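Protein chains: 2
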Amino acid sequence: MKQTHEIKIARLKEAFKASSQEYRQACYQLFGWRVDRTKEGRYKLSSQYAESPDDFLFFHVGEEGVDMLETDFSANLGSLIEQYLQKQRSVPMFLNAVQSDLFSQQTVTNVMI
Amino acid sequence: MKQTHEIKIARLKEAFKASSQEYRQACYQLFGWRVDRTKEGRYKLSSQYAESPDDFLFFHVGEEGVDMLETDFSANLGSLIEQYLQKQRSVPMFLNAVQSDLFSQQTVTNVMI
Chain A
0 MKQTHEIKIA
10 RLKEAFKASS
20 QEYRQACYQL
30 FGWRVDRTKE
40 GRYKLSSQYA
50 ESPDDFLFFH
60 VGEEGVDMLE
70 TDFSANLGSL
80 IEQYLQKQRS
90 VPMFLNAVQS
100 DLFSQQTVTN
110 VMI
Chain B
0 MKQTHEIKIA
10 RLKEAFKASS
20 QEYRQACYQL
30 FGWRVDRTKE
40 GRYKLSSQYA
50 ESPDDFLFFH
60 VGEEGVDMLE
70 TDFSANLGSL
80 IEQYLQKQRS
90 VPMFLNAVQS
100 DLFSQQTVTN
110 VMI
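The listed protein sequences correspond, in order, to chains A and B.
Residue numbering for the first sequence follows numbering that gives the first Met the number 0, beginning at 0 and increasing consecutively.
Residue numbering for the second sequence follows numbering that gives the first Met the number 0, beginning at 0 and increasing consecutively.
It should be emphasised that the hints constitute simulated quantities derived from the structure, not laboratory data.
No experiment lies behind these values; they were computed from the predicted model shown.
The reader is advised that the hints may include incorrect statements.
Same chains, same names: a pair is fine if it fits in one copy or spans any two.
[To be verified] List of simulated lysine-lysine pairs, DSBU-like, C-alpha gap at most 30 Å:
#1 12 with 43
#2 12 with 86
#3 86 with 38
#4 16 with 86
#5 7 with 86
The shape of chain A in the complex, shown without the other chains:
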């Protein structure tokens, strides 16, 4: 009886793991961003178009909204931060702009190779 319960719990954990993996993978393929929750409310975003795995962003997502935390990569995004986060106040539009820039750079690099 005890074993049955343990098996049930193990299966439940497996099912949950598979289902969250599927959702994360879908987000990655749809948006081109890998979204890793590093701790409560904190998310690391890495673009599928980034040149280097060091080019990631960090966000704190809370009830009062979304804040970007500084990373080496974000330190070079001053004009996009000003235009999209400060003026337009839109995190989605900011991420769009970052992604579009990375995509164009990659396309240019590929053409040059």
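Following the hints, position chain B against chain A.
This is chain B only, laid out in the frame that chain A set:
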């Protein structure tokens, strides 16, 4: 003993539910898209900038890649589909373009009001 196990299972389910809700909510706030898994491999995307809840997109995400399924909303996106899905072959760049269009339309509407 049986009750303890049932409580454990119930708590586990609660914890899973809360954790996936948090992740979905973070994706919504970061990307501006609500992503609902409707059945295996099938995802419904609704933009936070859409004028109507009927303006949604459907995608099939599988191991061989991502396909967009036609909806009433996608039927009006012919030029973006051609440019981003067919020529550039990038779902993220397609969703960026759709989102940017919806955002500009919303901004224009707000300015007009």
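Here is how each hint holds up against the structure:
1. 12 with 43: both (24 Å within a copy, 25 Å between copies)
2. 12 with 86: neither (44 Å within a copy, 41 Å between copies)
3. 86 with 38: Intra 29 Å, inter 39 Å, cutoff 30 Å: intra-copy only.
4. 16 with 86: This pair counts as neither: shortest intra-copy Cα distance 39 Å, inter-copy 35 Å.
5. 7 with 86: Result: close neither inside a copy nor across copies, 51 Å intra and 48 Å inter.
Consistency note: the structure conflicts with the earlier hints numbered 2, 4 and 5.
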